[in-house]
Amino acid sequence: MQLFGAYAVLLAFVLAVYAFVAGVVGHLRRRRRLIVSAERATLAVFPALTVAVLCLIGLIFRNDFTVAYIAEHSNRALPFYFKIAVLWSGQEGSLLFWSWLLSGYAFVVLLGGRLRPGRAADELSPKHAHRALVPLASVILAGVEVFFLALNNFAASAFASLPVGTPADGNGLNPLLQYSQMDIHPPLLYLGYVGFAVPFAFCLAALLKRYPGDRWIHITRRWTMVAWLFLTIGIVLGGLWAYKVLGWGGYWAWDPVENAAFLPWLTGTAFLHSVMMQEKRGMLKIWNVWLVFATFLLAIFGDFLTRSGLVSSVHAFAQSSIGGWFVIFLAIAVAVCLAAFFKNKDFLKSENPLESTASREAGFLFNNFVLLVAAFAILWGTLFPVISEWVEGQKISVGRVFFDRINVPIFLFLLFLTGVGPLLAWRRTSAASLKRNFLGPAILGAAVLALCLAMGWRDPYPLVCFALAAFVLAIVAMEFYRGARVLSRRSRRGLALSAVELTMRNTRRYGGYIIHVGIVLLAVGIAGSGFNQQTEGPMPYRAKLAVGPYTLTSLAYTQDDNANFSSEALIVRVDQGGREIATMYPSRRFYKASNQTQSMVADRSTLLSDLYLVYAGDDPETNQPILHAYWNPLIAWIWIGALVIGFGTIIALLPSRTAAARRENPPARVAETAEVAQV
Amino acid sequence: MKASHWKLGAALAIILATFAWLAVTGIRDSKSYYVTVAELKKMPDAHARRLRVEGDVVPGSIRRKSGETDFVLQQGGVTLPVAYVGTDPLPDTFVDHAQAVASGRWLSDGSFRATGVQAKCASKYEPQGVRAAGRAVRTTAGTM
Amino acid sequence: MTLLAAFACVFFTALAAWFVFAGDERLPEDSPAAARLRALRERKQAIYDNLRDLHFEFLAGKLAQPDYQRSRQMLETEAARVVREIQRCGEAS
Numbered sequence: 030m031q032l033f034g035a036y037a038v039l040l041a042f043v044l045a046v047y048a049f050v051a052g053v054v055g056h057l058r059r060r061r062r063l064i065v066s067a068e069r070a071t072l073a074v075f076p077a078l079t080v081a082v083l084c085l086i087g088l089i090f091r092n093d094f095t096v097a098y099i100a101e102h103s104n105r106a107l108p109f110y111f112k113i114a115v116l117w118s119g120q121e122g123s124l125l126f127w128s129w130l131l132s133g134y135a136f137v138v139l140l141g142g143r144l145r146p147g148r149a150a151d152e153l154s155p156k157h158a159h160r161a162l163v164p165l166a167s168v169i170l171a172g173v174e175v176f177f178l179a180l181n182n183f184a185a186s187a188f189a190s191l192p193v194g195t196p197a198d199g200n201g202l203n204p205l206l207q208y209s210q211m212d213i214h215p216p217l218l219y220l221g222y223v224g225f226a227v228p229f230a231f232c233l234a235a236l237l238k239r240y241p242g243d244r245w246i247h248i249t250r251r252w253t254m255v256a257w258l259f260l261t262i263g264i265v266l267g268g269l270w271a272y273k274v275l276g277w278g279g280y281w282a283w284d285p286v287e288n289a290a291f292l293p294w295l296t297g298t299a300f301l302h303s304v305m306m307q308e309k310r311g312m313l314k315i316w317n318v319w320l321v322f323a324t325f326l327l328a329i330f331g332d333f334l335t336r337s338g339l340v341s342s343v344h345a346f347a348q349s350s351i352g353g354w355f356v357i358f359l360a361i362a363v364a365v366c367l368a369a370f371f372k373n374k375d376f377l378k379s380e381n382p383l384e385s386t387a388s389r390e391a392g393f394l395f396n397n398f399v400l401l402v403a404a405f406a407i408l409w410g411t412l413f414p415v416i417s418e419w420v421e422g423q424k425i426s427v428g429r430v431f432f433d434r435i436n437v438p439i440f441l442f443l444l445f446l447t448g449v450g451p452l453l454a455w456r457r458t459s460a461a462s463l464k465r466n467f468l469g470p471a472i473l474g475a476a477v478l479a480l481c482l483a484m485g486w487r488d489p490y491p492l493v494c495f496a497l498a499a500f501v502l503a504i505v506a507m508e509f510y511r512g513a514r515v516l517s518r519r520s521r522r523g524l525a526l527s528a529v530e531l532t533m534r535n536t537r538r539y540g541g542y543i544i545h546v547g548i549v550l551l552a553v554g555i556a557g558s559g560f561n562q563q564t565e566g567p568m569p570y571r572a573k574l575a576v577g578p579y580t581l582t583s584l585a586y587t588q589d590d591n592a593n594f595s596s597e598a599l600i601v602r603v604d605q606g607g608r609e610i611a612t613m614y615p616s617r618r619f620y621k622a623s624n625q626t627q628s629m630v631a632d633r634s635t636l637l638s639d640l641y642l643v644y645a646g647d648d649p650e651t652n653q654p655i656l657h658a659y660w661n662p663l664i665a666w667i668w669i670g671a672l673v674i675g676f677g678t679i680i681a682l683l684p685s686r687t688a689a690a691r692r693e694n695p696p697a698r699v700a701e702t703a704e705v706a707q708v
Numbered sequence: 011m012k013a014s015h016w017k018l019g020a021a022l023a024i025i026l027a028t029f030a031w032l033a034v035t036g037i038r039d040s041k042s043y044y045v046t047v048a049e050l051k052k053m054p055d056a057h058a059r060r061l062r063v064e065g066d067v068v069p070g071s072i073r074r075k076s077g078e079t080d081f082v083l084q085q086g087g088v089t090l091p092v093a094y095v096g097t098d099p100l101p102d103t104f105v106d107h108a109q110a111v112a113s114g115r116w117l118s119d120g121s122f123r124a125t126g127v128q129a130k131c132a133s134k135y136e137p138q139g140v141r142a143a144g145r146a147v148r149t150t151a152g153t154m
Numbered sequence: 042m043t044l045l046a047a048f049a050c051v052f053f054t055a056l057a058a059w060f061v062f063a064g065d066e067r068l069p070e071d072s073p074a075a076a077r078l079r080a081l082r083e084r085k086q087a088i089y090d091n092l093r094d095l096h097f098e099f100l101a102g103k104l105a106q107p108d109y110q111r112s113r114q115m116l117e118t119e120a121a122r123v124v125r126e127i128q129r130c131g132e133a134s
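Chains as they are written, first to last, in our numbering: chain A, 30 to 708; chain B, 11 to 154; chain C, 42 to 134.
Bear in mind the hints are in silico, worked out from the structure with no lab data behind them. None of the hints are false.
Partial list, computed: chain A residues near chain C (C-beta under 7 Å):
{"id": "1", "residue": "L32"}
{"id": "2", "residue": "F33"}
{"id": "3", "residue": "Y36"}
{"id": "4", "residue": "V65"}
{"id": "5", "residue": "R69"}
{"id": "6", "residue": "A70"}
{"id": "7", "residue": "A73"}
{"id": "8", "residue": "P241"}
{"id": "9", "residue": "G242"}
{"id": "10", "residue": "D243"}
{"id": "11", "residue": "A454"}
{"id": "12", "residue": "S459"}
{"id": "13", "residue": "A461"}
{"id": "14", "residue": "R511"}
{"id": "15", "residue": "G512"}
{"id": "16", "residue": "V515"}
We put the CB at the ideal spot given by N, CA and C, even for glycine.
Please model the entire structure based on the sequences and the hints provided.
Structure, rendered in structure tokens:
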């Protein structure tokens, strides 16, 4: 099976190389047979890699420790649901997994782009337009696959065996990864990262072909949304994992690996907004193309940062030699982007100028501008040690203070735009419209601000955040209400039903509003950290510790043992206002295969606050257990917000019921006036 | 139309200037020099700077006291006593022999006052023996 | 076992090669004129959608009367231009 797996990876590589070379030659020389075979080869990479991945999974389940990768990352006693995670828990396996996902995306794109055989496609249909782009896009995807498959074959093979002998048991999976969140966080994150290759391929293909019309931008947007959805959920799950597992009471540390995932998220978000300018007004085409390019390049760069050991990070992979490969690939990709851009620059001319600062266009411009400032600042901060070493010969790193100081105001400003942007009219908004739309929400925001001040809170950022949250939520609610009112008048149905109908008619806009609600909830959850409290203390029997509104009492101590790990737990009673509300079990585990100790956080989460307990070990002198206790208000809203964002994105991905809207409100009148204007 | 371009440009410039200022002060207030224990002792104005010092934890040197954890970092025969006074619990990977990074300031009495500690259990995250063996195989993968 | 694996390898290589070269699909040829016409139709559709949106927003009470009138006029002028070009393209082909 090991040999066969290695063979399948090699076959995939050969197929990808053929697809790329034949595709390039076919497009240059206009050879139909070559183009068709190249496309089919791209299609075939996916089954080949699926076989390889199945082989590796099979080997993992058979505990075949002759394979070096499995000996390093698995062991016999590992539960089966974590054995799946072995696939992506190390360098070699995760690269194979990455290639597999990429080929899967290519597979879906190619199948989706096929026309029904035998039916002559209407030259003017959108489907035809899509089909015309797919061959070139598939060549570009094959080019990206060649790179990753080269790594899989020649730099980091997952199927290489140990040189001598077979150990009786493997080294085991890193205990930090033995959590359910870790079972799904990496696949989702990778689906996000890898997914940006698809919009990149379509965007580059359209540019190279000088493809007229807007169809390619629709395709690019949809695929960006898919990747963005996965990346968003992946990032938040990463935060959830850090919070539940690492035991320092937080979820985000501006670690280089976190930043690496956040960078393409920022540029991708910027693109999803500015693309509307192109669709609606034919503006910002150059900007959009570069945002798509940048998002893809940053995704690859993030992968590079994680794997090369360029910047030291707590959870980066080990330093390895594959960094050089990434540098070469990135250089080639940047060169291709630049060449394609300069050769076809005139194709991206803007059709309309910007007219006013009080317009939706200007709102989008500000949104994009600050998103990019954030991306640049984060990139700068992440690479600061590298840059300073070049310039000063001295490795200097910047910490939380830098990232927080610049990003908190940026995101508050973005939150403000989240509310304001959708209410500004295209082109220009008059003072009358502004007043009509913003007076109510602004009053509500001010009321919340006053309320917070009355509560005695003085920390400015959370205050502003809560006020803005109220402002934005009021605006979104108003949007749904006003739209639903129009529909319900027409159809005489209830408001709630009309709101659903409204959403389904324009899934993009109203899905977008739902995403904005999710962002607001997430922001509220983050702002809650301004009120965090923490304390620590020795907890012998009957000892007490107070945190937030709670009193903790140490009750007893238990031990447990199984094949994978042994554990010891503190039993802690939680009282609030003199009444017992819960019993919690912060514990420590000792994993036998990997010889590592791991603190297991006990977290009691409610909508208002989390009580988060860490058993930090025993005092060596007194032998008393030490307990760290954190009180984290509102943190649950971060995870709820992410769920809402995911829901909204799925809504936005559904096709709109525009047909119904078109029938009810036919453009015939418009056509008439158009003809009148023509005369 | 021209006027609106000016307004927009001015607004963007103000935003950019604000964030540039935040960035500069942010760097000033949080930059710390990354050095190994040996480099620290050679650094001229080390006492005045915020530092991140990398070294290995000397086995048996970890002493937990109330509100403080003392340990010794060493690298290439040079040692540095560290007192960790931060509020977060120490990471689980912080054990004897671990490769650790302490961030804080170097006091003039020769001890290091750390407010943050990161640790990587080098021998276990990437098992040296297996790892090296794995590499050896990769170069001769053709003969498998 | 090794023999079986070797056999499987040969079989899959042959299968892949057959699959890659067996296809003989006709690729849609995009004449520049058709592509241009399609692009114009897309543009027209986008402008009509904008108009419909604008009207809906006006009904919902988001826009003051003068804002609505001006935006609508601009969109209609734009639509007229596109419609005219579509007609010209239609005549040419």
